[in-house]
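Residue numbers (the working numbering), protein chains in the order written: chain A, 1 to 304; chain B, 1001 to 1284.
Since the hints were derived computationally from the structure, they do not count as laboratory data. Do not take every clue at face value.
Unchecked claim - Sample of chain B residues with no beta-carbon within 10 Å of chain A, all distances over it, derived:
| no. | residue |
| --- | --- |
| 1 | Ala1070 |
| 2 | Asp1128 |
| 3 | Gly1136 |
| 4 | Ala1144 |
As the list claims (entries may be wrong) - Lysine to any residue pairs mimicking SDA-like chemistry, simulated, CA-CA at most 25 Å apart:
| no. | chain 1 | residue 1 | chain 2 | residue 2 |
| --- | --- | --- | --- | --- |
| 5 | B | Lys1204 | A | Tyr41 |
| 6 | B | Lys1097 | A | Ile280 |
| 7 | B | Lys1204 | B | Ala1183 |
| 8 | B | Lys1204 | A | Ile280 |
| 9 | B | Lys1097 | A | Trp44 |
| 10 | B | Lys1204 | A | Gly35 |
| 11 | B | Lys1097 | B | Leu1180 |
| 12 | B | Lys1097 | A | Ile42 |
| 13 | B | Lys1097 | A | Pro31 |
| 14 | B | Lys1097 | A | Leu43 |
All of these numbers come straight from a predicted model, not from anything done at the bench. C-beta: ideal position from N, C-alpha, C; glycine also.
Chain by chain, the residues:
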Amino acid sequence: MTATGVARRAEAEPAPVRKRVPPWRNPWRRPYVLGTITWLYILWSLVPVLIAVQFSFNGGRSRSTWQGFSTQWYCCAEGSVGEDPSLLLALENSLILGAVTVVVATPLGVMLALGLTRWRSRTSKVSNGIALVPLVTPELVLGSALYLVMVNLYQFVPLGRPAMLLGHVTFSISYVLVIVRARLLSIGGDYEEAARDLGASPLQAIRTILVPLLMPSIFASAMIVFATSLDDFVVSQFLFGDAANITVPIKLYSAVRASPTPALNALATLLLVGSILALILAAVGLRVRRRGTRSALDDLAEWG
Amino acid sequence: MLALPGTFWLIALFLVPFYAVMAVAFSGSIDIFGEPVPAWNPLDWHFGTFNDVVSESLSGAYREVWIRTAVFSVFALAICVVIGYPVAYYTARLAGKRRGLVLALILAPWWINYITRMLAWVNLLQDDGYVNQFLGIFGVAPVAWLAGNSYTVVIALAYGYLPYFIIPLFASLDRIDSQLLEASRDLGVGSFRTFLHVTLPLSKMGLITALVITALPMAGDYYTNTIVSGSPNTNMIGNQIELFLLQGPLKNFGASLVLLLSLLLMFFMAYYLILTQRASRDAR
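Based on the provided sequences and hints, a complete structural model is requested.
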């Protein structure tokens, strides 16, 4: 990794004492100012969320004054996540939607990645373009377009879970495509050609050679799709229809100003735990395939 | 042939929906519920509503909302640059042996639900919340942060989108060959001028990517505004669209605004796609 070269030198060779060089002219001084900015930013970005998590364990009803530790807002005080049917329903809906989205979007995305990488033609360029556009389309545009098409054209798809599923799969396919294709390009065509030379049919070569090699990235993209689906708010809000299909982000959004009890913080915390678990699994999946110096974190950063 | 199902899916659920927006926006008639009847045949398109929306946007009721959207976004993006660039630079070049930890902490907000992050601020910004308690130490009277305060909305937008801004910038700064910087230093150039003449030009593309990636969702944001303000005085164009589409019969007005917003953003989207295509071709 070239990027740490400068930093490593700063640690390995303490700056030699130079009498007439003021500290701000010394290129190897420790980067205090930038370091402080970075750590302040990290605190700013994470501490509010940690405080919100803390208040999910509040002993009283307040969301701004600490009244002692308690798990009552998870279970089983009145209005807690365990007791309030609307909160439980939101949690259940979110988890089911996320799981089904993974099951539908992952194979579609993997097939798209395989197809687009191995099949070069004018049409493949066009469908490649179509596949990337959802990644840069503002969610508001995607959500309202899906809403209008469901209401006016695809009337056989009822608003609610089916419509939300179609919407989530639509933006998820592109994620799977990007992640799996990156791996596919780094594998190259050699293994597949070797299999073909040994008499495998194209489909056999894909099934027995490529898919096992791709497995870690397929798994990672499935987990990322799950986390993204859990977190999605805009597309769900346009497509959820009525209160029976509410998901956790929609529930948080609609309750944030209306009924502020720490149960809402508890629900948010559970959602957070769900995404973090999915993400840890994704990172583990990537670590399996990790060779050389790149870390899984670097990969995640690249896909951003 | 393996690509066919995915391609069909994206045509049916991405391109066709977009056509539906046009069909509703250019609808020429309304049904008995007052809802627009979509005009699927381009020959039936009526541009009356769309023209109204455009002229209202240029000089009428929506003008203020568009300007507010632009002003809020520009200020929030400026905050993103001022905070995000140093953070990305430090993480990519200077964090040393703590690099992994810093990177993990910077990626963390990506996976915390956006609404949860806003909810966290609503807790803190209550009239008796921690922020006002903290300001009270310095004798500052409690501020009504959540009652339609434009500053709150801009800061909330910056807070919400900073993680998405930092990461692409980090990736591009990370790719700069440190030998170039050392060469510059060996030639006697100071840190600041090295940054100005080497690092900054080399990270220009990353900076543009980060700005586009952040600006696109920000321009269509409505939920941040609803959560931290909820007042019509801070409405952005996203709020207007959500209002028309989900809370009333004037779907053709909503669809026209979506179309107008998409046309404005199309430029940025196309630019970004061409940029990434070029980058991936170079990488190959």
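Results of checking the hints against the structure:
{"no.": "1", "hint": "Ala1070", "verdict": "holds, 15 Å"}
{"no.": "2", "hint": "Asp1128", "verdict": "violated, 5 Å"}
{"no.": "3", "hint": "Gly1136", "verdict": "holds, 13 Å"}
{"no.": "4", "hint": "Ala1144", "verdict": "holds, 14 Å"}
{"no.": "5", "hint": "B:Lys1204 to A:Tyr41", "verdict": "holds, 22 Å"}
{"no.": "6", "hint": "B:Lys1097 to A:Ile280", "verdict": "holds, 22 Å"}
{"no.": "7", "hint": "B:Lys1204 to B:Ala1183", "verdict": "holds, 20 Å"}
{"no.": "8", "hint": "B:Lys1204 to A:Ile280", "verdict": "violated, 33 Å"}
{"no.": "9", "hint": "B:Lys1097 to A:Trp44", "verdict": "holds, 22 Å"}
{"no.": "10", "hint": "B:Lys1204 to A:Gly35", "verdict": "holds, 22 Å"}
{"no.": "11", "hint": "B:Lys1097 to B:Leu1180", "verdict": "holds, 22 Å"}
{"no.": "12", "hint": "B:Lys1097 to A:Ile42", "verdict": "holds, 17 Å"}
{"no.": "13", "hint": "B:Lys1097 to A:Pro31", "verdict": "holds, 13 Å"}
{"no.": "14", "hint": "B:Lys1097 to A:Leu43", "verdict": "holds, 19 Å"}
The earlier numbered hints that this structure contradicts are 2 and 8.
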